[in-house]
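Undergrad: Kindly produce the complete structure, drawing on both the sequences and the hints.
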Amino acid sequence: MKRRSRSISAIAAIGAIALAITGCSGSDGGGAAAPSEDPADMTGTLRVLIPSFPASNEGTAAWDAVVATFNEEYPGVTVEPDFATFGNLNEKISTSLAGGKPYDILVTGVGWVPPFASQGAYLDLEQFGVTDKSLSEDAVPAIVPAVTYEGAVYAYPLIMGAKPMAYSRAAFEAAGLDPDSPPSTLAELTAAAEKLTVQDDSGKITRAGFDFWAAASNYRQAYVSVLGALGRDLYEDGEPGFDGAEGAEALDWMSDMINVSKVEEFGQKSASGAPLLLTGEAAIGFTGGYIDCAAVTQELCDDLEFFNLEDSDQAMFSGGQVASIGAGSKLADAAWGFIQALATPEAVASMSELNFAVPAASGAGDSEIVQSNPASAFVYDNLQFVVFEGGAANWLDLRDSFNTELDKALLGQGSSADILKGLAEKSK
Amino acid sequence: MTLSTEVQSPAPKADKPPLSTKKRPANGMIRAQRRAAWILMGPALLNISLFLGLPLILAFALSFTDYGFFAAPKFIGIDNYLELFADSDFHVSVVNTIVYTLMVVPLAMALALIVALALNMPIRARSTFRVMFYIPVVTATVSVATVWLWILNPNVGLANEILGLFGMPPSRWLDSPDTSLPSLAMIGIWQGLGAKMVIYLAALQGVNPVLVEAARLDGANKWQIFWNVTWPSLGPAHFFVFVTSIIGSFQVFDLVYVTTQGGPANSTRVLVYDVYQNAFSGLHLGYASAESVFMFILIAVFIAAGLRLQRSKSDDN
Numbered sequence: 001m002k003r004r005s006r007s008i009s010a011i012a013a014i015g016a017i018a019l020a021i022t023g024c025s026g027s028d029g030g031g032a033a034a035p036s037e038d039p040a041d042m043t044g045t046l047r048v049l050i051p052s053f054p055a056s057n058e059g060t061a062a063w064d065a066v067v068a069t070f071n072e073e074y075p076g077v078t079v080e081p082d083f084a085t086f087g088n089l090n091e092k093i094s095t096s097l098a099g100g101k102p103y104d105i106l107v108t109g110v111g112w113v114p115p116f117a118s119q120g121a122y123l124d125l126e127q128f129g130v131t132d133k134s135l136s137e138d139a140v141p142a143i144v145p146a147v148t149y150e151g152a153v154y155a156y157p158l159i160m161g162a163k164p165m166a167y168s169r170a171a172f173e174a175a176g177l178d179p180d181s182p183p184s185t186l187a188e189l190t191a192a193a194e195k196l197t198v199q200d201d202s203g204k205i206t207r208a209g210f211d212f213w214a215a216a217s218n219y220r221q222a223y224v225s226v227l228g229a230l231g232r233d234l235y236e237d238g239e240p241g242f243d244g245a246e247g248a249e250a251l252d253w254m255s256d257m258i259n260v261s262k263v264e265e266f267g268q269k270s271a272s273g274a275p276l277l278l279t280g281e282a283a284i285g286f287t288g289g290y291i292d293c294a295a296v297t298q299e300l301c302d303d304l305e306f307f308n309l310e311d312s313d314q315a316m317f318s319g320g321q322v323a324s325i326g327a328g329s330k331l332a333d334a335a336w337g338f339i340q341a342l343a344t345p346e347a348v349a350s351m352s353e354l355n356f357a358v359p360a361a362s363g364a365g366d367s368e369i370v371q372s373n374p375a376s377a378f379v380y381d382n383l384q385f386v387v388f389e390g391g392a393a394n395w396l397d398l399r400d401s402f403n404t405e406l407d408k409a410l411l412g413q414g415s416s417a418d419i420l421k422g423l424a425e426k427s428k
Numbered sequence: 001m002t003l004s005t006e007v008q009s010p011a012p013k014a015d016k017p018p019l020s021t022k023k024r025p026a027n028g029m030i031r032a033q034r035r036a037a038w039i040l041m042g043p044a045l046l047n048i049s050l051f052l053g054l055p056l057i058l059a060f061a062l063s064f065t066d067y068g069f070f071a072a073p074k075f076i077g078i079d080n081y082l083e084l085f086a087d088s089d090f091h092v093s094v095v096n097t098i099v100y101t102l103m104v105v106p107l108a109m110a111l112a113l114i115v116a117l118a119l120n121m122p123i124r125a126r127s128t129f130r131v132m133f134y135i136p137v138v139t140a141t142v143s144v145a146t147v148w149l150w151i152l153n154p155n156v157g158l159a160n161e162i163l164g165l166f167g168m169p170p171s172r173w174l175d176s177p178d179t180s181l182p183s184l185a186m187i188g189i190w191q192g193l194g195a196k197m198v199i200y201l202a203a204l205q206g207v208n209p210v211l212v213e214a215a216r217l218d219g220a221n222k223w224q225i226f227w228n229v230t231w232p233s234l235g236p237a238h239f240f241v242f243v244t245s246i247i248g249s250f251q252v253f254d255l256v257y258v259t260t261q262g263g264p265a266n267s268t269r270v271l272v273y274d275v276y277q278n279a280f281s282g283l284h285l286g287y288a289s290a291e292s293v294f295m296f297i298l299i300a301v302f303i304a305a306g307l308r309l310q311r312s313k314s315d316d317n
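Line by line, the protein sequences give chains A and B.
Counting in the working numbering, the first sequence tops out at residue 428, every number present.
Counting in the working numbering, the second sequence tops out at residue 317, every number present.
Think of the hints as simulated: they come from the structure by calculation, not from any bench.
One or more hints might be untrue.
[To be verified] Partial list, computed: chain B residues near chain A (C-beta under 7 Å):
#	residue
1	G42
2	V156
3	D175
4	W231
5	Q261
6	G263
7	A265
8	N266
9	Q277
10	F280
11	S281
12	G282
13	L283
Here a beta-carbon is modelled for each residue, glycine too, at the ideal position from N, C-alpha and C.
TA: Now the structure itself:
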């Protein structure tokens, strides 16, 4: 759609009046400290949008520890947190911008980086000495491209929330499959899943042969994993990587698993939302990157074997929580100081445990949090195979469309190739 | 039985001079009453102007811009409105919203009236029943939706267990594009029943007992009394319930947001959810404003149609 670029002063005036009436005009949310000011003398308020600390006693304690670390260096800076969820992050960000009170620090997922960086909403972290080269040494190299936009780093990686694959050794043995020789290609996975699927007399699946760990309208991340196993990323240098033969093959495979092999119902989920593998309702499937063995029983933990989805490539989906500095922040130095406090090993360990994730820092493989459970240990050892969603400047617009369109393919409402072609068109 | 409500009035005299239309100056008491009225209405007027009127004007103005939060709004004429015609998600949302409204409003009104009629009779534990029917209205939709998510879970939910008791096959409920919207409508009807019931109950208690008694003495049976006395007396209540139900159905959002997120495959994508997605997920506030204006007009059309229907029925009576 062609859009004219003529501003309407009347609209701006109405907007200004509205903002003035609601008392939100021009508030910077912080102090007026100069960038070179001594941290000990700096005053003001840092507004932090963060989905990493849930509203629990553990979450509050972990957050307080981060703030205490920060205040050791910046005693005069107050931290005002906004504990969002990933479900309402955009809502918070957009209303803060509209209200003239933008956040100083925004902890988001990797998918947010290109859209917000392209709009000039984030600061380039080079002014704090962070470049893609330096970050490759400090963080897991695989996450560096996900926080980089047009050569500049706009977000600092904190934790990675991967979704590794696993299978039940006991289920394999019971079905006559060799648990020491797991399926590798997509075809082998289909064959194994068909053997492992259990149905009752009415045809109802009582144990899924394979679990995508996806509710209806939420197959996006599973698709990214399968696409990665076929050697393609969702976006490659900002261009769709899914609109070729591999993209359609990945979606067809998922559709066949549900509609032809019938190894799982569309949108099948456990009552608690946990992976079906952890509730004993699936034999193979996606699971989380952190398993509390005490909660799910040590027996179940010992029964699980983790592996990467692999066809032409190995692939493991991962999200990530990354911290950015808002372009409008008047306390950018303090904001960077706070990100450093968030990135300490102690803070990252707490965040990993609270978010079923692993640290994004390099050299954390031996840390207590990574070694505390088999899922985290496997994930950290295989971070070189991670694939991410996002990568397009209009990803936030497309995310919802992906969910809808993938549903259509999985429900047989259109061919995979046509649906992906339509999504590629939207990507432009 | 004939129940004439027509009032015979004398014909106006042709030679009577027309009444003066000139306003007479109000006396001191009327002026004081008017002043008091404005003072009493002041806080509400201020509230409505600031928090309803101003956003309404702003939304209308923003609908002609490309505002997306990051930069100042730029005027783009009617481009947003033209884009609505090409937006398949928007089309689906409009259709789903209308279908949802058509499913919910008549059924909910009929059920509410039946329940109100039952609870207007001298039955035991009447107050307890009234409270029970009203509880869903005062329960947070998020809680309601979460419980219904469990009930309608295709694998472990109560709904399929109940179907199984009657030898019926399990349904995918919210997970199937064929049953998701009717399932949502079912929840919507259940949740809104109490509010409609209370209005009907109040209206039923306002039905003139003299008319009912007269009808009974004339030998009318229960159905005839209901149809010829009760039903016409409920006219204003019907209209109020109809208007508020349409507005409520068109504005359904939280239920969709918590349960289906518009899925599967857009089968429960409704207008307000689409507006929300465009505004806060896609960050296209200008476009979302245009959708809101369209929705405003659509609701107005539906209400006008209802009003016309109501008037024509009143004229018939």
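Undergrad: Work down the list of hints and note, for each, if the structure agrees.
TA: Now the hints, each set against the structure:
no. : hint : result
1   : G42  : violated, 17 Å
2   : V156 : holds, 5 Å
3   : D175 : holds, 4 Å
4   : W231 : violated, 43 Å
5   : Q261 : holds, 5 Å
6   : G263 : holds, 3 Å
7   : A265 : holds, 4 Å
8   : N266 : holds, 5 Å
9   : Q277 : holds, 5 Å
10  : F280 : holds, 5 Å
11  : S281 : holds, 5 Å
12  : G282 : holds, 4 Å
13  : L283 : holds, 6 Å
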